[in-house]
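Q: Chains as they are written, first to last, in this note's numbering: chain A, 1 to 230; chain B, 1 to 230.
Heads up, some of the hints might be wrong.
In this list, chains with the same sequence are indistinguishable; a pair is considered to hold if it fits within one copy or across any two.
As a list, the in silico DSS-like pairs of lysine-lysine whose alpha-carbon atoms are at most 27 Å apart [claimed, not checked]:
#1 K88 with K193
#2 K198 with K10
#3 K167 with K185
#4 K88 with K10
#5 K179 with K167
#6 K10 with K179
#7 K33 with K216
#8 K216 with K145
#9 K145 with K185
#10 K193 with K205
#11 K185 with K216
Don't read these hints as lab results, they were simulated from the structure. Here the structure is a predicted model, which means the values were calculated and not measured.
Number of protein chains: 2
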Amino acid sequence: MLNQYDVQTKCLVALDSIIFGFDGEVLKILLVKRGIEETATTWSLMGGWLRPDEDLEVAASRILTELTGLQNIYLEQLYAFGTPDRDKISRTVSIVYFALINVLDYDEQVSDSFEARWFSLDDLPTLLFDHGDMIRMGIGKLRYKAAQHPIGFELLPEKFTIPQLQKLYEAIFNTTFDKRNFSRKFLSTGLLKKLNEKQRGHSKKGAYYYQVDTDKYHSQFNSFLNFAKV
Amino acid sequence: MLNQYDVQTKCLVALDSIIFGFDGEVLKILLVKRGIEETATTWSLMGGWLRPDEDLEVAASRILTELTGLQNIYLEQLYAFGTPDRDKISRTVSIVYFALINVLDYDEQVSDSFEARWFSLDDLPTLLFDHGDMIRMGIGKLRYKAAQHPIGFELLPEKFTIPQLQKLYEAIFNTTFDKRNFSRKFLSTGLLKKLNEKQRGHSKKGAYYYQVDTDKYHSQFNSFLNFAKV
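Modelling step: build the complete structure from the supplied sequences, incorporating the hints.
A: This is how it looks when you write it as structure tokens:
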């Protein structure tokens, strides 16, 4: 039986959200300015406190909207961070969420009236507490998802070119791919629908636009077990 | 800037661990008896409270050992559960961990001096609070892992036969597979090393034992991107 006198700890519960965005070139993260002391400012993830009547995900969404103006963003829970001294002021457990969005789709929402700003992942400012660790874990999760389930299409516009897709993968994995290999591999997944439309303005030979075949994508999600349809 | 007067909620923080085990036939889960009121007993996951000086994972491990005798089990964080009324007595956020073990390897540790018992997933008793939801999520995670990364070998003995592997997958997915298809598919992954040893005692034609080729397994983990070695 559990010892009913076992020591219990009351903690503050915070929600912190990692918002990744891709602008077509660079992978970015949305941060807000936090004032901890009068003269110090530091940047942080979208964070706030859990309210008595709220579920965790509802709180994370509310805080995101309050700080950035962003609405209707699908937030996925990433991890709970709870080292005893992560917040020196008061014991706080933070439940971290993350989302992947296309920066260009949301530019209007993230207006100047909020103090949220996009930072390139290569060029992050000093961050509050263990938010650096949280971001590192978020990048790890993003890479894992991109490796398991081809096409991080939440980060891309609805229609995109293969070069844009390659730029995204190169940004996610901080590496470069052979252009022909990459193109062949992604086209061989059968998950891309080629559109009858070319990208204008870049060169004479514009690249074709593609869309994700979402039905096929969902049916192939658990790819290894596809043999298992009995 | 964050509103420094924003409502904060102090919560109790609990850790609950889902321990899955496979005994060669059936997928099971380890539960303990909880006494909430004098005359009522109900079963629950391995749960307890976070201590002031502990990190979350350390707490989960400690609680697991205190309740079951199990030591050195690798616990993976699954999800934070935090609906406001999940625990009617006091607002509690529970951080849920899970582990996969081979029941037969740990039989001696889970002794009668503890009140932990294995239950078949098909035959669960009444559970405390939202522990049923937690278990459902744990099963979902197990299925996801099994579908993405073939061979849930933590649940199997170090050497196993293909029929045993098939039984495991059938238990995880609550389905049946075609024997020849299954065997062919798993052998084609190249992740299994055939041993020069047969299983005795079942029939004249004993099945060969196999082991996981762990080097190959780890190198193929992010299978889709294996083309990406530049």
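Q: Evaluate each hint against the coordinates.
A: Status of each hint after checking the structure:
| no. | hint | in the structure |
| --- | --- | --- |
| 1 | K88 with K193 | neither (52 Å within a copy, 51 Å between copies) |
| 2 | K198 with K10 | neither (58 Å within a copy, 55 Å between copies) |
| 3 | K167 with K185 | within (15 Å within a copy, 34 Å between copies) |
| 4 | K88 with K10 | both (15 Å within a copy, 16 Å between copies) |
| 5 | K179 with K167 | within (10 Å within a copy, 43 Å between copies) |
| 6 | K10 with K179 | neither (54 Å within a copy, 53 Å between copies) |
| 7 | K33 with K216 | neither (41 Å within a copy, 45 Å between copies) |
| 8 | K216 with K145 | both (17 Å within a copy, 20 Å between copies) |
| 9 | K145 with K185 | both (17 Å within a copy, 23 Å between copies) |
| 10 | K193 with K205 | within (19 Å within a copy, 50 Å between copies) |
| 11 | K185 with K216 | both (16 Å within a copy, 21 Å between copies) |
The structure is inconsistent with the numbered hints 1, 2, 6 and 7, although it conforms to all the rest.
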